[in-house]
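Just so you know, the protein sequences line up as chains A and B, in that order.
Every letter in the first sequence is one number past the one before it in our numbering, and letter 176, counting from 1, is 176.
Every letter in the second sequence is one number past the one before it in our numbering, and letter 77, counting from 1, is 77.
Don't take each hint at face value.
[As the list claims (entries may be wrong)] DSBU-like, lysine-lysine: derived pairs with alpha carbons at most 35 Å apart:
id, chain 1, residue 1, chain 2, residue 2
1, A, 510, B, 587
2, B, 268, B, 141
3, B, 294, B, 443
4, A, 516, B, 587
Source of the hints: derived by calculation from the structure; they are not laboratory data.
Predicted model only: the values in this text are computed from it and were never measured.
Protein chains: 2
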Amino acid sequence: MHRSHTAGELNASHIGQTVTLSGWVANRRDHGGLIFIDLRDRYGITQTVYDPQENEGAWKVADTFRSEYVVKLTGTVRARPEGQTNDKLSTGEIEVIITHAEVLSKSEVPPFEISEHTGANEDIRLKYRYLDLRRKSVFDKIAFRAEMNKYTRDWFTTNGFLEVQTPIFTVSSPEGARDYLIPSRLHHGKFYALPQAPQQYKQLLMVGGVDKYFQIAPCFRDEDPRADRHSCEFYQIDCEMSFVEQEDVFAVAEPFAKSLIKDITDKKIVNMNADGTFRRLTHKEAVDTYGSDKPDIRFDMHFEDFTAEFADSGFSLFANTVKDGGIVKAMKLEGKTLSRSEIDSLTEVAKANGAGGLAYIIYEADGPKSPILKFFTGNELASLEAKLAPQVGDMIFFGAGDYKTTCKVLGQVRLACRDRFSLVDSTELAFCWVTDFPMYEQKDDGSYDFEHNPFSMPHGGATAFDGNPDPLSIYGCQYDLACNGYEILSGSIRNHNIEALVKAFNIVGKGEEEVKEKFGAMYSAFQYGVPPHGGFAFGFDRLLMILRDETNIREIYAFPKSGKAEDAMMNAPAYVDEEQLRELHIKVRETNK
Amino acid sequence: MHRSHTAGELNASHIGQTVTLSGWVANRRDHGGLIFIDLRDRYGITQTVYDPQENEGAWKVADTFRSEYVVKLTGTVRARPEGQTNDKLSTGEIEVIITHAEVLSKSEVPPFEISEHTGANEDIRLKYRYLDLRRKSVFDKIAFRAEMNKYTRDWFTTNGFLEVQTPIFTVSSPEGARDYLIPSRLHHGKFYALPQAPQQYKQLLMVGGVDKYFQIAPCFRDEDPRADRHSCEFYQIDCEMSFVEQEDVFAVAEPFAKSLIKDITDKKIVNMNADGTFRRLTHKEAVDTYGSDKPDIRFDMHFEDFTAEFADSGFSLFANTVKDGGIVKAMKLEGKTLSRSEIDSLTEVAKANGAGGLAYIIYEADGPKSPILKFFTGNELASLEAKLAPQVGDMIFFGAGDYKTTCKVLGQVRLACRDRFSLVDSTELAFCWVTDFPMYEQKDDGSYDFEHNPFSMPHGGATAFDGNPDPLSIYGCQYDLACNGYEILSGSIRNHNIEALVKAFNIVGKGEEEVKEKFGAMYSAFQYGVPPHGGFAFGFDRLLMILRDETNIREIYAFPKSGKAEDAMMNAPAYVDEEQLRELHIKVRETNK
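The following block holds chain A by itself, in its conformation from the complex (with noise of 0.2 Å):
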């Protein structure tokens, strides 16, 4: 072993005794003829002292490191001189006079500054990822990467739960995002397909008779990167359970959270029930209140509907909405008295959005204060005032249009104020279950796709799909879990009866053969006693990603990939040789073609 402690291990206790240490070159101050230097390892910073008086050897071995070099050293501890010492380091008591200097590597002068104030951008800071993980702010947040998974896996074992490694390597799936595939080299022209998710899995083993099944299990989805959404692979805290109901699943997703947040972090969680449990909205409560099916309950700023209050009004733009069918909302900004250019940066974003423009009461001191002001009647202020109680100081949008539409450009707007007038304390987190996700969803053809996941039990029960009802009447024991206004959990009770399986593929234009054929596992299996079940996935690097208020989830990966789907470092992808493409039975296609 190159060394007897590490750098972050010493302390007035050891002093007198003889150590070795092995660790990179930080930084170098010279004193008064000695050299200072700070040696750096994962667990810290020893001070170490090279005196040519004492040892002129080890001096002059000193006098030629650099920065970044990799050095073993041999001395003796010894107390700081008094008023040298540094609290802020746990070596900050003592220092190491070397009597053995040895350099084991050398290194170049490093594209970036190794510090936590580095001005290197991402993309160098990609291409020398091993550098950057020399910096303590990028480690630490790869260690608490490993605190959560063991947390995590620790929870759920505990909870009773098996954990099953499901394949990697598995067969493209007709629904969802695209697929990456595996081109078989044993098998001419088949492809394997790289997992969306589990869910077929752990379905399965739940006909298996597994009863709860965990595992943080590898996603891989063929989608355009962003900024919450890492290219390539993923990890998702992947769930199921036999026999149970919607309730039985929140009553393990809950507590998992909350334990989670409690144990390994300093957040504390806001704006839950009066008996501690995490609110609850429908689906359509959240975006009818929030626009939103991820509401940020962080903050009130909720929308308050008044579509009959001026389905009549003078202000004409509002009168003929509502008479088009569309609706009129109104959310109030708390305390807040924007300027022009705040203004019309909101009104960009309403824009954005598919808004006209965005139109807004200011309540100063002397009343209050609107273009559109004048248009209104008593009547109508008084019912916007009655149900959003505007004081002095704060300020009511409108949003007036088709109902999706207008939901949108509030919801949006809200976010946007969030963002700009700092409504959020960074340290809080608020979780929201939105329930009841309608199954299906209108294509602009008139026909009808699977607006969630395809598997789910419908309300009511398999007999939901009796009597041919209206599809989008039709709501699913579907779940999310929004957190800060992030989606970081979707689940499901699942439909385990074959024949309304069958019926809810149907409604999306696809027949039994086509479910056979497609989904001939499940198919297969569900012939054979399958117990009512489900279960959800946790987005892991994302709930990671809020825990450690990173914006950019590619800050929590050890080697995350560029926007761009590329690894800098490797270099991948990459260009193969022909003869690799020709085991594999297949060539690539010329552009375009």
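For chain A, the structure is supplied; the task is to place chain B on it using the hints.
Just chain B now, kept in the frame of chain A:
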């Protein structure tokens, strides 16, 4: 929740309670007008009773139950009648008299009997793996896998190792086995590769200062499947440490293996050194003594060399072999008198491995017997007896020929004896470090290739490559751990000196530019301060297979691939839509083009 208790939970303390159970119908008996149904779930079996006198409704429903139906039952726990308790069941003291019965899911007749004594072949078990998982012995292996996963992670975490998840999408590597490739949609004509092991990443983590890393890493090699190698994916316990030498690595791997075995298995480790450490052999000693680089040292049957003794033998086969530069070795099989057919069968093993035949001596009560004895001098026989000390009832086998073939032949005959004459106790494990692997092997054309890991430090350190040494004389700080004849760990101290690493590649004909191009990240990283480091990887699946007495590695996966790398349950690999291939910029080649 569709149950108040599991089927493994009820005992005398619950007598009188009303309970609801859900599970599978495992067994039905009709007796004296009553129906008895054994209800099964993951946790156990509970006997339920239906009495038409007490509850005709429940009895009628139970009468419709068939094997593997999933049912929900409510009733009252009562003591079993005197003499009818079952000690083998945790629930054997009680039964539940049912008042309400309900079918949750029907079952067709399963394609094989869900019992420990099923005669189903592997093909059908894999196709209906979800049914196979209902068998306790199959489930238990998956549960053990979860336990071993958790034990491993806990052990390494407790010992200061940081779990890091390295990328699953990386770049094709020119060394080692074939890569699995993934065509990139965003980068036309480029491919990701799945990692054969996280070798480069873990070394980059050391450059990044992570210091002590571990991971139960998924690995991917496109090799042809065999009994102890799962196709597509497998897992390794991957570990790397900085500032260590070989002894430091052994001091991690060895206690881990011992703790694991002591804490979660009933196995006993035998044939250790007197101080309780694992035995060690150099690669040369292992091949010399056992004809294998992964010797099974649970039993002796070591080889002794008789090349000198038989140089001038009257047995011309031996004498000529020695004259041609070959060797003569012999080993002793204790206390077995083999039949003619048993000797013939061992001779076949010898021939299959390149020998012309298998010479032997049988020590009978009236002296040694052998067709070749007449050619031996008294001195030759005496030298044999001096080194091998045969007793009456023992046999001696000879190998003669070139070194490599002779060692292999005797090694295989030795293992054949082990298997045919039950020379080992299946409850025992014997570990053996094999060290000092040759760095290079010479190919038929006279050029050299890496025998093992190209990134290993040679014995003698970075200067071992200086002055044009004979490549075959260079040994690496490389080690394997063998257990019961399997290689279960491989590792090395790495070469952290970039100039020496380039020299190592020069010997196999790769110049600096090629190293830079093929191992760009390593080449670049090694310019910026590299700690001396080393590590290992345990074959997780193979170790698990040994610990569970399985000889087929597929048995220890929840959803294994077949021997043809297929998943009959999911029908993977499969043909995919032309549209998918088009998006990925590839097409399938015509056969043989």
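Structure-based check of all given hints:
1. A:510 <-> B:587: 28 Å, holds
2. B:268 <-> B:141: Holds, at about 19 Å.
3. B:294 <-> B:443: Holds - the C-alpha atoms of residue 443 of chain B and residue 294 of chain B are around 22 Å apart, at most 35 Å.
4. A:516 <-> B:587: 27 Å, holds
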